[in-house]
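Fit chain X to the supplied structure of chain E, relying on the hints for placement.
2 protein chains.
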Amino acid sequence: MPSHDDDLGYLDAASAFNLDQELMSNPGFCLEQLMELAGLSVAEAVYHVLPVVAPSKGEPSAIIAKNKILIVCGPGNNGGDGLVAARHLHHFGGAVTVVYPKNTSDQQPHYANLVQQCRDLHIPVLAEMPHDDDEVLGSYAVIVDAIFGFSFRGEPRPPFDAILRTIIRAAKGRAITVAVDVPSGWPVDGFDTTTTEHGQDPLYWMPDVLVSLTAPKLCAKQFTGRHFVGGRFLPPALAEKYQIRMPRYPGVQQVVEVTTTRTTTMCVDLKN
Amino acid sequence: MPSHDDDLGYLDAASAFNLDQELMSNPGFCLEQLMELAGLSVAEAVYHVLPVVAPSKGEPSAIIAKNKILIVCGPGNNGGDGLVAARHLHHFGGAVTVVYPKNTSDQQPHYANLVQQCRDLHIPVLAEMPHDDDEVLGSYAVIVDAIFGFSFRGEPRPPFDAILRTIIRAAKGRAITVAVDVPSGWPVDGFDTTTTEHGQDPLYWMPDVLVSLTAPKLCAKQFTGRHFVGGRFLPPALAEKYQIRMPRYPGVQQVVEVTTTRTTTMCVDLKN
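First to last, the protein sequences are chains E and X.
For the first sequence, the working numbering gives the first residue as 1, with consecutive numbering after it.
For the second sequence, the working numbering gives the first residue as 1, with consecutive numbering after it.
One chain only, chain E, in its complex shape (with noise of 0.2 Å):
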């Protein structure tokens, strides 16, 4: 039986931050070790949510159909994990392309290994959105969200919000959204449900999916998509003081698909 995200507990901002300063603390992970780890889950839920055609004779598995897949990275954390993802999406015969806009490599360091170690596979990493026609943004089969994380707070600032409007515009397309962590642009405490205007608010969409890393963050009590969770490194002492249960994971996955049952007024797709 799945696990149902209800299940597993919630994170909201302040509480996520603690955790990952815990999970770092020395010793303890490192950050270049929790990235590799959160990148990889989400490449691995990447993959699931992909179409897939039946290996044809001397082929050694099913090969991904529409493989076009664009990889829009922000300037933080959430950026690094979609770093990681492109890299092992790669790997895992994905045609990938890196919109990367804004350089941080200066504050940290191991982005200039991660933006090197796409190029030396030849990912595109381009500064700016492709153009948003159907010609260019809408040939890509997946969209990953990898541009704000749970310490976004406030409202998106240039060049990301036009980017914001951009993939939220393609998620009403043909493209499978898939957002890293928190869906860019929502409250991580989740819009407020006393109001009903929040439902007009231009960033206000639905990914097809979401990746929670480590717990499930409190505004996805608010997501309607298929739910995947990652993070198969959570020392138990953690889980109980945050109040967490890991889900059951199978084999050797990095990423697991939960239940999620929830259908209120405030959870309309976008694309409905």
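Because the hints were derived from the structure by calculation, they are not lab data.
Careful: at least some of the hints might be erroneous.
[Unchecked claim] Cut-off 16 Å, straight-line C-alpha distance, at most; resulting in silico cross-link-like pairs (EDC-like, lysine to aspartate or glutamate):
1. X/K241 to X/E22
2. E/K241 to E/D12
3. X/K172 to X/D134
4. E/K241 to X/D120
5. X/K241 to E/D120
6. E/K172 to E/D133
The model shown is predicted, which means the values in this text are computed figures rather than measured ones.
Chain X alone, transformed into the frame defined by chain E:
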């Protein structure tokens, strides 16, 4: 069709060292990242060779039937790979014990992280081998040799000489023995096949399983057990430079079993 290991190319000790340096050039991969992926490969291979039982009702997947795993970690990067594998195998459902006789976290600060990550999962980290009898050592379904890697030369020194003799005895018993990258004690560039005395070498033992990392080392030509290859990160320019062909990894696996058809007089499985 699985790849044949002879098609992948082999690295001698000097090339393996140089390739490792190039992978970790700046910008490139950092040690923590590569070790995480290497250790995950080892853990996946161990999972694949473990005996499993069919899932019972209500269970998400097959459960490891005999899951007592001993991982013996040396003082260098091979041992670091073992420490990473221990953590992942715990999360995969293994009952893992680590033997780590020579703590080298003063030279490699990341090793303190890796040991702490094991302890946080309540994995016993012992300084000495369990008692070498059927009751104790004989109770492990799998013994992982993560003692020496591609930079090993000469003769094993204490305490690893005695530990290795214990593992070699265990390899003749019921335990499945898994060597990380190079069977410890083997010359990385292989035994001299122009003489026959090496078959009498007390360090000439045959693990059941070898997990080659990035590419098989030259001595793997003399290995006759189940052969896995991990390292799904190699950039094409380095593969070309070192004349390595990556095997075809199915799905999202970080490791793949390759075929081996050697049966020379050199390669007698000591169990037979």
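Each hint tested on the structure:
With a C-alpha separation of about 11 Å, the suggested pair X/K241 and X/E22 falls inside the 16 Å cut-off, and the hint holds. Restraint check for E/K241 and E/D12: satisfied, since their Cα atoms lie roughly 14 Å apart, inside the 16 Å limit. Under the criterion of a C-alpha separation no larger than 16 Å, the hint pairing X/K172 with X/D134 is consistent with the structure, at around 12 Å. With a C-alpha separation of about 13 Å, the suggested pairing of E/K241 with X/D120 holds against the 16 Å cut-off.
A hinted pair counts as satisfied when its Cα atoms are at most 16 Å apart, and X/K241 with E/D120 qualifies at roughly 13 Å. A C-alpha spacing of about 13 Å is found between E/K172 and E/D133, which places the hinted pair at or below 16 Å, so the restraint holds.
Every hint, counting from the list given before, is met by this structure.
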